[in-house]
Amino acid sequence: MVGIPKLATLRRIRMEGKAMDDLDGDLVKDLVLRKAQFDQMEHLKGALRKKKIVQNEDEDESSHSEYKLVGYIQKISVFPFVVALFTAKQFGILRTLLKMNKDTALHMDATSSLTTTLHQPYTGSRQLYYAIVVTLPDVKDISCIPIAEFVSNRHTVDEIASFLHFYFKKYAEYTGTQKIHFGIRRAETDASLALISGILSALEIGPLNVYLRDCWENLTTSRAMIFVHYICRRHAIQFLKAKVIEHYGRTSEGSKFFIKWLHAFVICSDLWSMSAKMVSALIVCGTRANVALVQSTINSVSNPTSRTGLEPWKILKLENVPKTPPFYLMSPFGYFAVLLGHTNNVDIPKYVLDKIPEIDSDNSSLNEEETSPTNPHYNQKFLMYLLRDVFPLAPMMTHMLLYLNNLPIVQDTNAYSESWFNKMKSRF
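Just so you know, this note's numbering puts 559 at position 366 of the sequence shown, and the rest follows in order with no gaps.
Note that these hints are calculated values from the structure, not bench results.
Incorrect hints may have been included.
Calculated lysine to aspartate or glutamate pairs in the DMTMM-like style (CA-CA distance at most 20 Å, straight line) [what the hints assert, rightly or not]:
(1) K363 - D547
(2) K507 - E352
(3) K543 - D582
(4) K363 - E352
What follows is a set of in silico ranges between Cβ atoms, one per label pair, in the way DEER data are often shown [claimed, not checked]:
(5) P497 - T289: 40 to 48 Å
(6) D219 - T517: 43 to 51 Å
(7) T567 - S270: 50 to 58 Å
(8) I460 - K292: 51 to 59 Å
(9) I438 - L226: 47 to 55 Å
(10) K292 - Q573: 46 to 54 Å
The C-beta atom is built at its ideal place from N, Cα and C for all residues, glycine as well.
Go ahead and model the full structure; you've got the sequences and the hints to work with.
Printed below as a string of structure tokens:
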């Protein structure tokens, strides 16, 4: 009786079979040869585009040069290792989708499950496969497709922005678009600051802290944003839940409260609800004494938000928000959270309060004497995590910008990128 091969054996056989398709044993040489192959394929030769070139800015004289994008591999770099992948057809798909729906979203994510570690002499570092994915309306059996892909062993803001700049420069040349942000009005990622900042840079929106200032101004004046970048709700819940469990365990009352809280936080629809949820979290994890306020806050976490009385965000003056690090205070939302905490007698560290000109940290005191009964949910490490990593990105982690721009909240998920990754995994 012939035994069934082990999974590791089947994988090795599969890899050996795939290796037979290589054009060269050296990875970079193989890519160069494949690029030459792709460049000769008829279906990868884009339509000829006329590009207008002004000869003299003072005159109307102009001529046209021909621009044609061919192939699939558009760029190969060794140090750092980068392979940029897109076709003229993908340009056409993006342009058509933007014509059909100006709010078409770009979903961008990365995975290491589709790549391997590079062999020497190139580098021994890990590669990531990045994809920008769009959804296709009313197309049977095809929910999403990539409009650009790249593989890189560097995962910095500069590297991501460099690829995106390259892509959108080619897109503008090929399509002739002169629209602001290349016509892109929505993008979604996980909470990676490198991905977020790379997209904002490539679309010529500016640094992340500047974008967050724009978000603050638009939310406080109820003006729609030209561009909306938001963080996938499912990803936000996953990493927030992981942090709650890290600091509070799985079964504690503090863990139960904050898991319930985070589900309420990510669906905040305006500054009223955001402010209320910030205050709730700050009081529960940042109040040293187990006063009645802590328990009443826990009991009311699911209550509807009151939208009466003084607008809490009025305590912030945008001109006081610094333009130099630390980042969490460069964000108006992070700065506002510190002000909120201080207003509610939260035990915020003095080194943070020292950076806030509106606060006299020398005269700040704790809610109760240190001899008072301890609040079992008090956790200054988790408090600082919220202040540094969560609240500064509040407009991108919640539904506020979607409501502000009248966008459907059912699309606040980056599952489209992961769906594409799963399709790729099933093929390779």
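51 to 59 Å as the expected CB spacing between K292 and I460, which holds or is violated = 32 Å, violated
Take the C-alpha atoms of K543 and D582, compute the straight-line distance between them, and say whether it is at most 20 Å.
-> 19 Å, holds
For the pair we were handed, K507 and E352, check the Cα-Cα distance against 20 Å.
-> 38 Å, violated
Do the alpha carbons of K363 and E352 lie within 20 Å of each other, as the hint requires?
-> Between K363 and E352 the Cα gap is close to 17 Å, so the pair holds against 20 Å.
Has the hinted range 46 to 54 Å been met by the Cβ atoms of K292 and Q573?
-> 52 Å, holds
When you take the CB atoms of T567 and S270, is the distance between them in 50 to 58 Å?
-> 56 Å, holds
Has the hinted range 40 to 48 Å been met by the Cβ atoms of P497 and T289?
-> Check passed, 43 Å falls within 40 to 48 Å.
Range hint 47 to 55 Å: satisfied by the CB atoms of I438 and L226?
-> Once the Cβ atoms are compared, 49 Å apart, the range 47 to 55 Å for L226 and I438 holds.
Check the following: the C-beta atoms of D219 and T517 are separated by a distance inside 43 to 51 Å.
-> Since the Cβ atoms of D219 and T517 sit about 46 Å apart, the hinted range of 43 to 51 Å holds.
CA of K363 to CA of D547, is that 20 Å or under?
-> 47 Å, violated
Hints 1, 2 and 8, counting from the list given before, are not met by this structure.
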